[in-house]
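Enquirer: Here is how the chains run, residue by residue.
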Amino acid sequence: MAALLEAHGLKAFYGQTQALHDVSFSLQPGGITTLLGANGAGKTTTLRCICGMVRTEGSIKLDGQPIAGKATEDIIRLGVGHVPEGRGTFTNLSVGENLRVAAYTRKDKVAAERDLGMVFEYFPILKARVHQQAGTLSGGEQQMLAISRALMLSPRLMLLDEPSFGLAPLIVQEIFRIMRRINSEAKVSMLLVEQNAALALELADHAYVLETGRVVMSGKAADVKNNEAIRKSYLGY
Amino acid sequence: MEQLIQQVASGLANGAIYACLALALVMIFVSTDHINFAQGELAMFSAYLVWQALEWGMSFWLALPVVALFSFLIGVGIERVILRPLHHAPVLSVVVVFIGLLAIFHSLAGAIWGHTIKAIPSPFPHFTFVGSGYIGPHQIGMILVTVMLLVALFAFFRFTPLGLAMRAAAQNPASARLAGIRVDWMLALGWGLAAAIGAVAGSLVAPAVYLEPNMMASILLYGFAGALVGGISSPGGAVAGGFIVGVLENLIAYLGNLFEKTTGVYVIGNGEKLTVALIIVITVLTLKPSGLFGQVSVKRV
Chain A
-18 MAALLEAHGL KAFYGQTQAL HDVSFSLQPG GITTLLGANG AGKTTTLRCI CGMVRTEGSI
42 KLDGQPIAGK ATEDIIRLGV GHVPEGRGTF TNLSVGENLR VAAYTRKDKV AAERDLGMVF
102 EYFPILKARV HQQAGTLSGG EQQMLAISRA LMLSPRLMLL DEPSFGLAPL IVQEIFRIMR
162 RINSEAKVSM LLVEQNAALA LELADHAYVL ETGRVVMSGK AADVKNNEAI RKSYLGY
Chain B
10 MEQLIQQVAS GLANGAIYAC LALALVMIFV STDHINFAQG ELAMFSAYLV WQALEWGMSF
70 WLALPVVALF SFLIGVGIER VILRPLHHAP VLSVVVVFIG LLAIFHSLAG AIWGHTIKAI
130 PSPFPHFTFV GSGYIGPHQI GMILVTVMLL VALFAFFRFT PLGLAMRAAA QNPASARLAG
190 IRVDWMLALG WGLAAAIGAV AGSLVAPAVY LEPNMMASIL LYGFAGALVG GISSPGGAVA
250 GGFIVGVLEN LIAYLGNLFE KTTGVYVIGN GEKLTVALII VITVLTLKPS GLFGQVSVKR
310 V
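Going down the list, the sequences are from chains A and B. First residue of the first sequence? That's -18 in the working numbering, and the numbers climb one at a time after it. First residue of the second sequence? That's 10 in the working numbering, and the numbers climb one at a time after it.
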């Protein structure tokens, strides 16, 4: 099967500092792949590379089409939903406006309306708070809103940057359960960055482990999970 | 009493213009955190364009939308061509560019149309009505046009997808890009709208003050005062602030005159109206920097 996303020899730079040295990976359509690694390993940077948010060298192909060097908004318009670190809520806008803004680029308004219904089915709490100012939502609700905004783009690929960050375990379970549903029902492929490796390996089918800007190992999620040496040296559990 | 009502009414009329300019300033401030010092000169330039259109035989009500559209394009052009390379420049560089623009439009107007004052006739018909003694037709017209403009802008930002996208881009540019919004173009649109609003303000105020290259200098100060009073981050607040400043300057001068009449001591009068605006600016910045309706911006560090 042709890869949905293929990255080869990625290097990334913040000013003079090089954050990625040589990162290559590929995502299969329909799957969930996770990027694991310690703080500063380059997980977030890899997601930012895909969306053109950081100076990047190397090749990135989405469905065979090169996207490296394109503007963020153009990459998004190709069907990449990015759930950013820190959730990126439009705090002054209402929950409903947050969702409508995400559908701004879509031409198919009927389908967008249907997707809004789907979002409310996944996250009923957002429907109940649709007129509320988004900045007043709890952390978990804002994370749900961030995933919903990405979903409103009707993406082929969703990039998720630590959706469990700072949330209570019960909320995290709820969110991960719905991510699985989104993956299987809405046919959205996912690239998931997580600190919580155990959780991510439950959900994902493939895993890459990063260390200081390099891929140090990759394979089926189950294999990584069962490899005690890897777990102990890179994933800390 | 009659004089008091008159002063408040004409304060509201001036306030309408201040409100327009304050709104134009806010429009650029919320998305870029910059105060456009050239806003007044742009409005003055637009007023000259209206005068030129009138000279060519256009009617005022045709000239105004045409010039507003043209000013919109000038605004978009300035953002795209001059400011775009400065998106990551320090604030001071941008301020210098604004001052440069101010000087350019000032000299350009002088060079094209000369420095002698010109008159734009009031586009509003003369008629008598209940309360004519308190307020003139041009003043009523200024208030009406401003209010209509504000309602239209409010509807645009509140109810259209483009308006929503502009608000999103101003509020959180990074997230807006992740929603596929072309943030750079939203900035340019904001500049265009600000220039168009300024064009309306300039052409409405020109019949009241005479047209000359310096005409907007003091009015821009009142606009600043209005924007600051209302809260420079709040469009609704800026409008309210504009009206408040307009009424306040007249009331203070009126009370000053009254005081002089009863006690014979001159404290403040019509000559110090501009001083009042500056005092308002300083007072607000000292006591409530976020303005009456503005939000205190908190940065997490």
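By construction, these hints were calculated from the structure, which means they are not laboratory data. All residues carry an ideal CB built from backbone N, CA and C; glycine is no exception. Among the clues, some could well be false.
Stated by the list, open to error - Cβ-Cβ distance ranges computed for the label pairs, FRET-style:
hint : chain 1 : residue 1 : chain 2 : residue 2 : range
1    : B       : A183      : A       : A149      : 25 to 33 Å
2    : B       : G119      : A       : G(-4)     : 25 to 33 Å
3    : B       : H43       : A       : D55       : 24 to 32 Å
4    : A       : A52       : B       : I108      : 48 to 56 Å
5    : B       : V160      : A       : E155      : 52 to 60 Å
To be verified - Residues of chain B clear of chain A, computed beta-carbon distances all greater than 10 Å:
hint : residue
6    : Q61
7    : W70
8    : L173
9    : A174
10   : N181
11   : N223
Enquirer: Are any of the numbered hints broken by this structure? If so, which, sorted upward?
Expert: Hint check: 2, 4, 5, 8, 9 and 10 fail, others pass.
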